[in-house]
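Number of protein chains: 2
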Amino acid sequence: MDFSLISGGTVTSVPGFSAGAVHAGIKEKDEFDLAILYSRMPCIAAGVFTSNLIKSAPVTLSQRHLTQRTARAIVVNSGCANACVGEQGAKDAAEMARLTAEKLAIPSEEVLVASTGVIGKPLPMSQLRNAFPKVKLRQDGGHELARAMMTTDTKPKEIAIQVETKEGKFTIAGVAKGAGMMHPELATLLCFMTTDATMNADFLQQSLKKAVDVSFNMLSIDSETSPSDCVFLLANGLARNTEISSNNGKAFQSALDEVCTYLAKSIAQDAEGATKLIEVIVEGAINQTEARQAARTIVSAPLVKTAIHGGDPNWGRIVAALGRSGANVREGKLDIYLNDICVMKQGIPMPFDQEQLRISLATANKVLIKVQLNSGDSRATAWGCDLSEEYVRINSEYTT
Amino acid sequence: MDFSLISGGTVTSVPGFSAGAVHAGIKEKDEFDLAILYSRMPCIAAGVFTSNLIKSAPVTLSQRHLTQRTARAIVVNSGCANACVGEQGAKDAAEMARLTAEKLAIPSEEVLVASTGVIGKPLPMSQLRNAFPKVKLRQDGGHELARAMMTTDTKPKEIAIQVETKEGKFTIAGVAKGAGMMHPELATLLCFMTTDATMNADFLQQSLKKAVDVSFNMLSIDSETSPSDCVFLLANGLARNTEISSNNGKAFQSALDEVCTYLAKSIAQDAEGATKLIEVIVEGAINQTEARQAARTIVSAPLVKTAIHGGDPNWGRIVAALGRSGANVREGKLDIYLNDICVMKQGIPMPFDQEQLRISLATANKVLIKVQLNSGDSRATAWGCDLSEEYVRINSEYTT
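Protein chains in written order, with my numbering: chain A, 360 to 759; chain B, 360 to 759.
The reader is advised that the hints may include incorrect statements.
The list makes no distinction among identical chains, and a pair is therefore deemed to hold if it is satisfied within one copy or across any two copies.
[To be verified] Cut-off 25 Å, straight-line C-alpha distance, at most; resulting in silico cross-link-like pairs (SDA-like, lysine to any residue): (1) Lys624 <-> Gln647; (2) Lys493 <-> Ser737; (3) Lys568 <-> Gln521; (4) Lys725 <-> Arg752; (5) Lys525 <-> Asp694; (6) Lys493 <-> Tyr696; (7) Lys480 <-> Asn687; (8) Lys480 <-> Gln715; (9) Lys624 <-> Glu526.
Worth flagging that the hints you see were computed from the coordinates, not collected in a lab.
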């Protein structure tokens with residue numbers, strides 16, 4: 360298997376997909392806040408949703424529409440999450456699907472709905488109704504859609520790759536929004552992906568779940584899970600390759616993992632107030648679950664995040680986070696590396712050039728924490744970001 | 360049962376206890392950093408320790424010394440946690456116990472050791488050896504000990520109460536240190552309590568565990584568990600009351616809960632960078648475990664903490680935290696109150712005077728969040744603090 364990056368690629372770099380966006384007026388600033396993604400061919404579709412018990416109305420609706428495993432359009436708005444507004448939320452989400460369906464002359468059930476923004480406020484439906492006719496779908500509209508999803512993101516997150524496998528050539532593309540909003544709220548995740556690969560529907564769902572587990576589910580900005588999180592993958596089959604299923608799906612899985620991981624890292628890099636990407640690799644765990652737990656606990660530990668923000672090689676905080684992670688940690692077996700410099704070996708502090716490591720931490724855009732538990736063969740990688748005064752400022756501003 | 364506060368009370372307000380402190384030179388500033396608490400009578404003793412799998416050397420030693428359920432002295436230093444320093448840690452902790460034992464002419468096994476400060480640095484033993492002879496024990500030395508435990512605490516946390524029960528009169532006193540250090544590290548908790556009550560040893564341990572569960576275990580500053588956390592309770596029996604055990608222990612339990620809760624709230628109020636105490640009351644949970652989970656998740660949610668820091672009545676973040684807490688939450692049943700103002704009733708957002716609530720949140724020293732799950736009869740209370748730029752500043756300063 361081989362894959363290559365499409366330069367400037369967007370979610371509509373995949374044949375058969377088009378998109379468009381407008382400013383409907385949900386956001387105060389004159390920025391895109393409503394967008395539609397459309398496939399001219401029927402698609403099989405897969406989705407992964409928030410684990411939060413409080414689910415936004417669009418999440419509930421999209422879960423229902425995905426039970427048939429097909430979809431031809433996604434409608435998305437930013438600025439309002441349509442969550443925690445009582446029964447009105449379900450009505451408004453259904454109307455969003457209906458307005459999209461009527462515009463595209465497809466059944467309502469073929470539309471997935473996603474909303475991101477403030478919780479507890481109803482959607483301004485009259486503004487949205489006026490805006491729908493103005494959305495123009497274009498084959499190069501992917502970038503507009505990426506901008507329409509943004510809240511406090513400072514840049515769009517997009518990727519498209521071309522994949523060559525034994526089953527044929529195809530394209531996979533994705534777009535995601537990250538942490539923060541203009542009216543600061545939860546670190547809401549939305550991600551839409553497209554592919555022209557011919558896919559078995561069961562395998563599409565299964566491979567999406569796997570890819571999300573090693574990418575978005577290993578991402579933590581602030582330990583908060585939003586009621587709006589969702590990841591969609593639409594496959595329209597235009598590549599006319601041999602159908603991909605669990606028997607021959609290895610190459611597709613690697614390519615999808617690649618796309619999801621790229622988007623997850625982009626979100627961490629552009630998180631609220633972040634100045635650095637943090638990557639944590641845990642090796643030598645007794646099983647996969649514990650490797651993941653340990654990596655996620657370290658990457659989301661406030662005291663690790665603040666130390667890295669200050670360029671402080673304060674590795675004791677990494678050990679303390681490991682110890683409360685739930686993973687089976689033996690102090691006497693631990694090796695710890697900070698930006699490839701060994702600070703602990705077999706549980707003993709190692710001498711290192713403090714000033715050199717301090718400079719390396721302070722100047723790098725990416726900080727690598729590597730932990731060897733020396734207890735087994737499992738490994739996991741997690742991504743996050745430093746915790747800055749700016750994160751607190753963004754999220755403590757008076758907004759409601 | 361009746362109890363009254365002793366004005367200016369300290370851990371040595373209990374008959375038979377004395378204490379003293381010196382500046383041994385671990386802290387750079389000329390402040391107390393070594394202290395001893397001593398009982399002239401033999402005591403039965405109880406202890407509760409950190410759940411972190413990485414334990415400091417003093418924690419491991421004190422756990423061993425407590426297996427006999429007796430102790431006559433506690434030695435404590437601040438500025439260095441004696442954690443993650445390999446085998447040297449155990450040797451140094453043992454020497455701390457021995458130096459204390461020799462000074463007081465008691466067996467080493469009767470000494471509990473506690474250290475708080477930077478992780479990964481060995482204790483400066485030669486300075487400590489010189490300092491031990493200079494510690495003078497006095498009946499009014501409790502306040503000195505409280506100061507010697509402090510790191511980035513801005514004030515000591517102490518309480519003493521007199522209790523009158525059917526079993527007789529006695530005193531309970533406690534001292535604790537809170538969140539932060541001069542070399543900022545983990546939100547390390549140390550708490551020592553004394554009583555002259557005559558106690559059954561099994562019951563003493565059991566009632567300490569219960570009191571810690573409703574107080575310190577419901578406290579969260581930054582979700583970090585330190586390798587040094589420990590809570591000790593020494594009972595010397597000088598009150599000569601009827602022995603208190605599980606049959607007649609209700610009054611003692613209430614009094615001990617009171618002391619622990621007072622100290623836990625004091626720690627939250629004086630946490631790193633905190634400007635407000637946050638109290639979260641969850642009612643109507645289907646069981647105690649879920650009530651506790653829900654309350655702790657809300658009080659430690661970064662987006663709730665930043666909103667309250669900014670005086671922002673952003674209640675959607677409370678609902679989102681509830682939804683990921685693991686508790687059984689039904690959106691349609693939720694009532695939420697912020698400083699006694701209802702913002703959600705039966706899952707529907709309630710109209711409220713935003714400006715009035717904003718002012719109430721911004722000016723209060725204490726913010727009360729009350730959640731009614733309307734699913735059962737269990738309740739729990741948790742304490743924490745707001746998340747400020749100052750917390751990030753303290754913890755990102757270059758220190759090692």
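Discussion item. Of the numbered hints stated earlier in the document, which are not met by this structure?
Written reply: Of the numbered hints given earlier, those the structure breaks are 2, 5, 6, 9, listed in rising order.
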